[in-house]
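Whenever a hint applies, use it, and build me the whole structure from the sequences.
Just so we're aligned: the sequence shown equals residues 1 to 205 in the working numbering.
Quick caveat, the hints were computed from the structure, so don't treat them as lab data. A portion of the hints provided could be inaccurate.
Here are the computed lysine to any residue pairs in the SDA-like style, where the Cα-Cα straight-line distance is at most 20 Å [as the list claims (entries may be wrong)]:
| id | residue 1 | residue 2 |
| --- | --- | --- |
| 1 | K116 | I172 |
| 2 | K171 | G88 |
| 3 | K74 | A158 |
| 4 | K121 | E67 |
| 5 | K131 | F65 |
| 6 | K118 | N104 |
| 7 | K168 | P149 |
| 8 | K141 | A158 |
| 9 | K131 | A117 |
| 10 | K121 | S189 |
| 11 | K131 | E184 |
| 12 | K141 | G88 |
| 13 | K116 | R64 |
Quick list of simulated restraints, FRET-style, between CB atoms [stated by the list, open to error]:
| id | residue 1 | residue 2 | range |
| --- | --- | --- | --- |
| 14 | Q75 | G102 | 12 to 22 Å |
| 15 | E123 | A179 | 11 to 21 Å |
| 16 | T162 | K74 | 17 to 27 Å |
| 17 | F65 | S189 | 24 to 34 Å |
| 18 | G180 | K133 | 11 to 21 Å |
| 19 | E184 | D154 | 19 to 29 Å |
| 20 | T162 | K86 | 31 to 41 Å |
| 21 | E143 | S70 | 30 to 40 Å |
| 22 | K141 | G84 | 16 to 26 Å |
| 23 | P145 | E66 | 17 to 27 Å |
Virtual Cβ for every residue (Gly too), placed ideally from N, Cα, C.
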Amino acid sequence: MKFAFHRLNAKNIDKVKKCSILHHQNKTYFVMKKLKKAFFAIVFAIACLSTFQCSSSKDAVATRFEEPTSLKLKQAYFQEWYAGIKVGGTGINVFIPVLEEGTNVDIDSVYFRNMKAKLVKTEGKYRAILKSKSRYYTFKKDEKPEDYPFDLKDNECAISYTENGKQKFFKIRNLNEVAGTYYEEGPPSLYASNSSSILAVTDDE
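Have a look at this one:
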């Protein structure tokens with residue numbers, strides 16, 4: 001009986017040892033699995049941070065302002081516009097009078113109050129019609145888009161232009177506001193042949 005009991009205890013001890021070894025192996029496996037997940041999480045975080053820094057660097061380059069050397073402007077101004085009830089919508093007209101302009105400078109677009117529009121030169125000044133996303137009759141400033149490259153005050157605008165084949169930007173501060181205008185059929189196209197006669201006329205024109 002003692003011998004049989006001894007053999008039984010020996011078998012139990014072997015089983016306990018095997019269970020202990022198996023438990024240790026499982027524990028090691030789960031620890032390694034967690035470490036592996038943590039490693040990949042750290043690598044992913046570093047990659048995201050690097051991407052964000054590169055993106056921020058590109059944005060910083062885009063927002064550097066540089067005054068064109070061969071362009072002289074008069075006081076810029078703007079006016080809010082409202083479309084007829086049937087058409088709906090609101091927006092802003094921006095006017096940038098030009099005194100002198102070199103042949104190596106091409107004015108392109110204006111950024112103003114979280115909107116962007118093409119600038120078109122007519123009658124000695126650049127004009128742009130910015131359209132708000134809001135369809136309501138009362139004017140409401142648009143939310144800033146995620147890809148909008150500038151942080152501007154409500155009386156500031158940024159101008160994109162090309163000088164000697166290189167794209168640049170400059171800022172105009174303190175735009176004057178003039179009386180708003182109303183378009184029964186909605187804002188006209190600046191590319192229309194009679195657009196200059198349709199756009200609102202202000203006192204200094």
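Discussion item. Is 11 to 21 Å respected by the C-beta to C-beta distance linking E123 and A179?
Written reply: holds, 19 Å
Worksheet item: Given the hint that K121 pairs with E67, does the C-alpha gap stay at or below 20 Å?
Response: Cα-Cα ~19 Å, so holds.
Item to complete: Check the following: the C-beta atoms of K141 and G84 are separated by a distance inside 16 to 26 Å.
Response: Cβ of K141 to Cβ of G84: about 21 Å, so the range 16 to 26 Å holds.
Discussion item. Next pair to validate is K131 with E184; report whether the Cα-Cα distance is within 20 Å.
Written reply: Roughly 15 Å between the alpha carbons, so the hint for K131 and E184 holds.
Item to complete: Measure nothing beyond the straight line between the CA atoms of K171 and G88; if it is 20 Å or shorter, mark the hint as holding.
Response: violated, 31 Å
Worksheet item: Does the hinted range 11 to 21 Å hold for G180 and K133 at CB?
Response: Since G180 and K133 have Cβ atoms about 18 Å apart, the given range 11 to 21 Å holds.
Worksheet item: When you take the CB atoms of T162 and K74, is the distance between them in 17 to 27 Å?
Response: holds, 21 Å
Worksheet entry | Distance restraint evaluation - E184, D154, Cβ atoms, bounds 19 to 29 Å | Given about 27 Å between the Cβ atoms, the range holds.
Discussion item. Hinted pair, alpha-carbon criterion (20 Å max): K74, A158. Please report holds or violated.
Written reply: Roughly 15 Å separates the two Cα atoms, so the pair holds.
Discussion item. Hint check: K118 vs N104, CA-CA at most 20 Å. Holds or violated?
Written reply: The given pair, whose Cα atoms are some 19 Å apart, holds under the 20 Å limit.
Item to complete: Compare the distance between the alpha carbons of K168 and P149 with 20 Å, and conclude whether the hinted pair is satisfied.
Response: Cα-Cα ~13 Å, so holds.
Practice prompt. Take the C-beta atom of T162 and the C-beta atom of K86, compute their distance, and say whether it sits inside 31 to 41 Å.
Written response: Since the Cβ atoms of T162 and K86 sit about 39 Å apart, the hinted range of 31 to 41 Å holds.
In the structure shown, a violation is registered for the earlier hints numbered 2 and 5, in ascending order.
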